[in-house]
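Chemist: In case you want the letters, here they are:
There are 2 protein chains.
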Amino acid sequence: MGTTDNSLSASVRVIDASRLEERTFAVLREAGADEPSAHAATRALMHASRIGVDSHGVRLVAHYAKALRGGRIKGAPHITVRRTGVSAALVDADDGLGHLAAYRAMEEACALARENGVGAVGVCRSSHYGAAGAYALAAAEMGLVGLTTTNADSIVALHDGVVPFHGTNPIAMAAPVLGERPWLLDMATSSVPMNRVHLYATLGRQLPENVAADQSGRPTTDASLAQMLIPLGGSEFGFKGAGLAGLVTILSAVLTGAAPDPAMLPMTGTNDFATPRNVGHFCIALDPDRFVGRATYDTLMSQYLLALRSSSAHSGTQSLAPGDREWMVEAERATTGIPVDLATAALLGFP
Amino acid sequence: MGTTDNSLSASVRVIDASRLEERTFAVLREAGADEPSAHAATRALMHASRIGVDSHGVRLVAHYAKALRGGRIKGAPHITVRRTGVSAALVDADDGLGHLAAYRAMEEACALARENGVGAVGVCRSSHYGAAGAYALAAAEMGLVGLTTTNADSIVALHDGVVPFHGTNPIAMAAPVLGERPWLLDMATSSVPMNRVHLYATLGRQLPENVAADQSGRPTTDASLAQMLIPLGGSEFGFKGAGLAGLVTILSAVLTGAAPDPAMLPMTGTNDFATPRNVGHFCIALDPDRFVGRATYDTLMSQYLLALRSSSAHSGTQSLAPGDREWMVEAERATTGIPVDLATAALLGFP
Chain A
1 MGTTDNSLSA SVRVIDASRL EERTFAVLRE AGADEPSAHA ATRALMHASR IGVDSHGVRL
61 VAHYAKALRG GRIKGAPHIT VRRTGVSAAL VDADDGLGHL AAYRAMEEAC ALARENGVGA
121 VGVCRSSHYG AAGAYALAAA EMGLVGLTTT NADSIVALHD GVVPFHGTNP IAMAAPVLGE
181 RPWLLDMATS SVPMNRVHLY ATLGRQLPEN VAADQSGRPT TDASLAQMLI PLGGSEFGFK
241 GAGLAGLVTI LSAVLTGAAP DPAMLPMTGT NDFATPRNVG HFCIALDPDR FVGRATYDTL
301 MSQYLLALRS SSAHSGTQSL APGDREWMVE AERATTGIPV DLATAALLGF P
Chain B
1 MGTTDNSLSA SVRVIDASRL EERTFAVLRE AGADEPSAHA ATRALMHASR IGVDSHGVRL
61 VAHYAKALRG GRIKGAPHIT VRRTGVSAAL VDADDGLGHL AAYRAMEEAC ALARENGVGA
121 VGVCRSSHYG AAGAYALAAA EMGLVGLTTT NADSIVALHD GVVPFHGTNP IAMAAPVLGE
181 RPWLLDMATS SVPMNRVHLY ATLGRQLPEN VAADQSGRPT TDASLAQMLI PLGGSEFGFK
241 GAGLAGLVTI LSAVLTGAAP DPAMLPMTGT NDFATPRNVG HFCIALDPDR FVGRATYDTL
301 MSQYLLALRS SSAHSGTQSL APGDREWMVE AERATTGIPV DLATAALLGF P
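If you're matching them up, the sequences are chains A and B in order. For what it's worth, full-length UniProt numbering labels the leading residue of the first sequence as 1, then goes sequentially. For what it's worth, full-length UniProt numbering labels the leading residue of the second sequence as 1, then goes sequentially.
If you're looking for bench data, these hints aren't it; they were derived computationally from the structure. From the three backbone atoms N, C-alpha and C, an ideal C-beta is built for every residue, glycine too. Treat each hint with caution, since some may be false.
Not everything, but these chain A residues come out facing chain B in the computed CB check (under 8 Å) [claimed, not checked]: (1) Ala26; (2) Gly233; (3) Ile250; (4) Ala295; (5) Thr296; (6) Gly349.
Footprint (simulated), chain A over chain B, 3 or more residues, beta carbon under 8 Å [unchecked claim]: (7) 55 to 67; (8) 172 to 185; (9) 245 to 255; (10) 302 to 310; (11) 332 to 341.
Construct the entire structure; sequences and hints are all you get.
Modeler: Here it is, written out as structure tokens:
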């Protein structure tokens, strides 16, 4: 994986993972989340915080607490899972925390995949689900290949577009690796997330070329002028990033009955914390046992990763597979603790 | 979709589609393809030629004829479809033309999806299957959402890599649209295809920044020095393109038993046209009837596309959805004919 500088903040408080987990759960419970909801959200937030994706880590607890208190997100949703086919299901998230609905959906997809080879489960009437990789990983930890997407509110211009259209619409996949942590890809279909732009604006730091645009849709490297993102591929090949964002919208919203990105209420930058947003997700699980078989899958996966990690890199070190950097951070943070920005630390009771 | 300049060649012969189709079929038959194989390959090649993706159009017939004559590709394969789960199957392509195996796989995936909501079918022991979009489109024309991937021989560096590792590993998805041609995305996970690099070298034209690298893996805009491609996202965000290429390898090869990209024999630039290459593909079909239901799917899809096409673009014209440009080219070529490079035209009997 490439450079992630989601933890650029100068001032942090380093907190032991288990204490952080406890307090995250407690704050969500205090904000009105029932036990399963708070558990699921904590699990997803801690996944991101453990592996260094701090943009989607415990920092988000303030946002979820506000949405729970405002009524936008229901703390005690009545989630329903409806089998719509032998290998398909639709989850109605009842405007609860997206994490609970997405873990339920991926568990259902995995159960269907174990029975039938593949399972596909859509989720409607949901909310922000944090790091997509959390749910793909859940499948891989059960021995299956997991794929998930979520749509989001308009913040990324179309290719050659002058206004925001798609969300950052991530695609995540995780695949089990024998004797190792899974292969894990979790990527937005824009080059950078919007909160990196905000962070750079705060730090007075210049953005890379062709990742963000100003109010009129012109590419800018001035983070303080950036009003929207440019899709992955930049000014020249952004039609690919925009196409992938559309793929995510079709799976997550059009197939599930959720709100397509341009029709979705904004997640932030609004005073309305009362109206649900009808976010959509999609989960697919595939069981290697029902394709080439476990033994061959394991052998090919290990051979592929060995070849990848033996491949020369400019830096003179080994090439990394998606997830490799994250598992290194996870190991490091397990001993050193997790750096948390001061505002979030205070909210969680670490003054 | 963005600019495709796959038809830059100066000298072309413009040929009526039905005559081109006849001759393509005939030349494949003469090279040893049996009727179903020649039919499938012709269908896929004509799909690409009709919509303007000339890099994957009838131009490839010379290559397939050579591979058929050399024995690398079997003209009369015994393709087997094995149900490995209620909603899953594996296709053994028996070293035949990839087009036949992939159409079979997508048809099987669609049949499974109609029964069960989703179908997933892997293909091993296959060969180059041309434009991935052909098979996704086949699903959409049956009213289903179709997804397909194929792996390929090493030609794209890893992010920060100095040697070729992944293939150009395309991802294609097509989705039906009520009363219109389908939404259709077909994209390599590199920024450009290698044959565009070769074309630019011939024309003495400069490459865009960060799409190709020289022998030592350093980015170059000199097409004559380019020895490998850089993944989508370029020097800064190429870890995303490389991650997507890996996703394709895992689905297409690791789950199916095909050769992972670095273990695959090269498609071109080799004298060995006798040894099969064990290319892998993957197909997923999803039935909207088994998710949110057809009526809601159709409504949401139309609303989404209306919003997209109403979204302002820099060019002052409407924004385009994936496929829009291709369907315009298709309509144009239906009346004007299809431009074919002179060497291919001659091979097909249009001197």
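Chemist: Hint by hint, note whether the structure agrees.
Modeler: Status of each hint after checking the structure:
1. The interface hint given for alanine 26 of chain A is violated, since its Cβ lies 35 Å from the closest Cβ of chain B, which is over the 8 Å cut-off.
2. Evaluation of the glycine 233 of chain A hint against chain B yields a held restraint, the C-beta minimum of about 6 Å falling below 8 Å.
3. About 5 Å separates the beta-carbon of isoleucine 250 of chain A from the nearest beta-carbon of chain B, less than 8 Å, and the hint is met.
4. The interface hint given for alanine 295 of chain A is broken, as the beta carbon of that residue sits about 11 Å from the closest beta carbon of chain B, more than 8 Å.
5. Taking 8 Å as the C-beta cut-off, the interface hint given for threonine 296 of chain A holds, the closest approach to chain B being about 5 Å.
6. Interface restraint check: glycine 349 of chain A against chain B, minimum CB-CB distance 36 Å, threshold 8 Å, status violated.
7. Taking a C-beta to C-beta cut-off of 8 Å, the stretch 55 to 67 of chain B contributes 0 residues in contact with chain A, too few for the three needed, and the coverage statement is violated.
8. Only residues whose C-beta sits within less than 8 Å of a C-beta in chain A count toward coverage, and the stretch 172 to 185 of chain B has 4 of them, enough to reach three; the restraint holds.
9. With a threshold of 8 Å between beta carbons, the proposed coverage of the stretch 245 to 255 of chain B by chain A holds, since 8 of its residues qualify and at least three are required.
10. Here's how the stretch 302 to 310 of chain B fares: 4 of its residues keep a CB closer than 8 Å to some CB of chain A, so the rule of at least three is met and the hint holds.
11. Check on the stretch 332 to 341 of chain B: 0 of its residues sit with their Cβ under 8 Å from a Cβ of chain A, so the three-residue criterion for coverage is violated.
Consistency with the previously given hints fails for numbers 1, 4, 6, 7 and 11, ordered from lowest to highest.
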